[in-house]
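The lines below spell out each chain.
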Amino acid sequence: MADTRDVAAPVSTRCARSLSVRLAALCLIAAAPRVAVAQAGPPAGPAAKPAGAILIASFNIQVFGESKMAKQQVVEVLTRVVRQFDIVAIQEVRAKSDEIIPAFVRAVNADGSRYHYVIGPRQGRTVSKEQYAFVYDTTRIEVDPSSVGVVPDPQNKLHRPPMRARFRTRITPAEMAFTFWLVDIHTDPDEVPQELEALTGVFQAMQTARPDEDDVILLGDLNAGPPEFKSFQRIPGVAWAVAGTTTNTRRSKTYDNLVFTRPATSEYLGGWGVLDLQATFGLPLEHALEVSDHNPVWGAFYPAEVRGAGLPPMAGAAPPVLR
Amino acid sequence: MPDIQALVASLSSQDTAARVEAAEALCRAGADAAPAAVALVRACGDDDDQVREWAVAALEELGPPPAAAIADLIPLAGDGHPLVAYWATTLLGRSGVAAAAATATLAASLDAGRDPAVAERSAWALGKIGPGAVAAKPALERAAAASAPRLARLAKEALAAIGG
Chain A
1 MADTRDVAAP VSTRCARSLS VRLAALCLIA AAPRVAVAQA GPPAGPAAKP AGAILIASFN
61 IQVFGESKMA KQQVVEVLTR VVRQFDIVAI QEVRAKSDEI IPAFVRAVNA DGSRYHYVIG
121 PRQGRTVSKE QYAFVYDTTR IEVDPSSVGV VPDPQNKLHR PPMRARFRTR ITPAEMAFTF
181 WLVDIHTDPD EVPQELEALT GVFQAMQTAR PDEDDVILLG DLNAGPPEFK SFQRIPGVAW
241 AVAGTTTNTR RSKTYDNLVF TRPATSEYLG GWGVLDLQAT FGLPLEHALE VSDHNPVWGA
301 FYPAEVRGAG LPPMAGAAPP VLR
Chain B
1 MPDIQALVAS LSSQDTAARV EAAEALCRAG ADAAPAAVAL VRACGDDDDQ VREWAVAALE
61 ELGPPPAAAI ADLIPLAGDG HPLVAYWATT LLGRSGVAAA AATATLAASL DAGRDPAVAE
121 RSAWALGKIG PGAVAAKPAL ERAAAASAPR LARLAKEALA AIGG
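From first to last, the protein sequence lines are chains A and B.
Residue numbers for the first sequence follow my numbering, so the first one is 1 and each next one is one higher.
Residue numbers for the second sequence follow my numbering, so the first one is 1 and each next one is one higher.
Among these hints, one or two may not hold up.
[As the list claims (entries may be wrong)] A few chain A residues that face chain B, going by a derived Cβ cut-off under 7 Å, partial list only:
hint, residue
1, Lys96
2, Val127
3, Lys129
4, Gln155
5, His159
6, Pro189
These aren't lab readings, by the way, just hints derived from the structure by calculation.
Computed from a predicted structure; not experimentally measured.
Heads up, the beta-carbon is just placed ideally off N, CA and C, and yes, glycines get one too.
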């Protein structure tokens with residue numbers, strides 16, 4: 001049996017105070033993911049996840065390519081990070097090879113986990129391209145394959161137009177399951193205000209992309225924090241998970257977030273966090289930076305539709321039409 | 001703190017693995033790698049894609065380059081390798097008014113035949129320089145009439161920033 005020990009829960013784990021009693025109880029269930037660090041022996045089986053919540057994360061894995069995958073200790077940390085969450089929206093897959101994410105998911109599943117992935121095309125205005133990916137736990141989440149794609153950007157306003165996909169939880173009956181769009185984005189740090197403006201339009205387009213889906217969660221590396229979200233404020237009910245803390249590994253910037261609207265996404269439980277790589281894995285800064293210059297950020301969501309129960313099931317639904 | 005000059009020297013190594021390691025280490029150095037700005041831009045023209053990707057990642061997070069680097073970045077903005085030209089141009093734009101001496105080079109990048117991403121970033125950079133880039137107005141006016149919507153938009157924004 002593996003000798004394991006629990007290490008510190010992620011820094012900056014919060015639960016909102018304004019939840020109803022029922023959701024507040026679920027918020028407790030959805031408390032911070034815990035990380036078990038194997039000391040010796042064979043890998044432990046997949047960690048149990050909460051029944052009352054799904055955890056959706058965003059992680060910019062800086063220059064996720066061959067040289068990073070060649071570092072066993074880095075891959076080990078990355079796999080342990082992913083296993084804490086039900087879905088991880090990844091930014092910065094940068095490689096000529098198409099084998100990076102498949103090999104990584106095999107490493108994630110080495111403990112018996114059953115994750116799968118969808119990955120977008122290489123994007124970027126120069127020869128330096130990036131891909132987005134969603135890695136998700138198939139025991140708890142499914143994707144609508146017809147929904148996976150890149151959000152059109154006909155005016156060429158975004159350096160790397162976001163990847164979108166529609167997911168559904170599998171831990172509640174299908175007719176009650178929480179369904180939602182995820183929109184994965186990595187903005188250009190030199191054109192942040194312009195790209196945030198464009199993303200406001202993207203968000204609103206996704207809200208009307210199909211009549212049976214009101215839940216849109218835009219997540220990723222925005223290269224900006226809430227004080228810069230002025231254009232998002234035009235979206236009625238807009239909210240974001242991460243505030244008042246830093247999200248980069250150097251603990252100096254708030255760049256990563258999950259953006260959604262309320263009351264549409266009332267499934268948001270108020271639980272969120274930044275999985276601080278240094279604190280969680282006991283890594284010195286230099287080693288944490290080998291993993292990434294960003295920490296993962298996450299939010300907890302109720303796995304059933306809180307409003308609008310009885311939405312049509314995903315199977316057989318019409319593909320999204322973006323305006 | 002890493003030895004930045006030693007890492008800069010390693011970027012020119014004949015050994016690909018050493019160059020990859022140096023570029024990655026400079027990336028991990030964050031803003032401390034600013035003295036390596038010119039070397040990182042040159043590394044964007046490396047034959048190895050991992051060297052290029054780490055160099056690009058380092059440059060994305062570098063912020064404005066040291067003022068002393070501007071003179072070396074100007075000729076690189078006209079480099080024949082599009083990724084080298086793109087990142088030299090980006091760093092010049094981040095330098096703002098201090099990069100006014102780059103106006104002629106950046107204006108030349110707007111003309112037909114240049115890499116579209118370099119042309120677009122040149123328009124952006126001229127806008128960041130502002131009134132000091134007034135000599136680029138004729139080239140920007142031609143670009144503003146271009147059929148490429150992004151280049152035209154950025155050229156118009158640059159003209160507005162230059163004013164006059």
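Taking the hints in turn, this is what the structure says about them:
Hint status for A/Lys96: holds, given a least beta-carbon distance of 6 Å to chain B, under 7 Å. Against a cut-off of 7 Å between C-beta atoms, the interface hint on A/Val127 holds, since the closest Cβ of chain B lies about 6 Å away. For A/Lys129, the interface hint is violated, the least distance from its beta-carbon to any beta-carbon of chain B being 9 Å, above 7 Å. Hint status for A/Gln155: holds, given a least beta-carbon distance of 6 Å to chain B, under 7 Å.
Nearest Cβ of chain B to the Cβ of A/His159: about 9 Å, over the 7 Å cut. The hint is violated. For A/Pro189, the shortest C-beta to C-beta distance to chain B is roughly 6 Å, which falls under 7 Å, so the interface hint holds.
The structure fails hints 3 and 5 (numbered hints given earlier, in ascending order).
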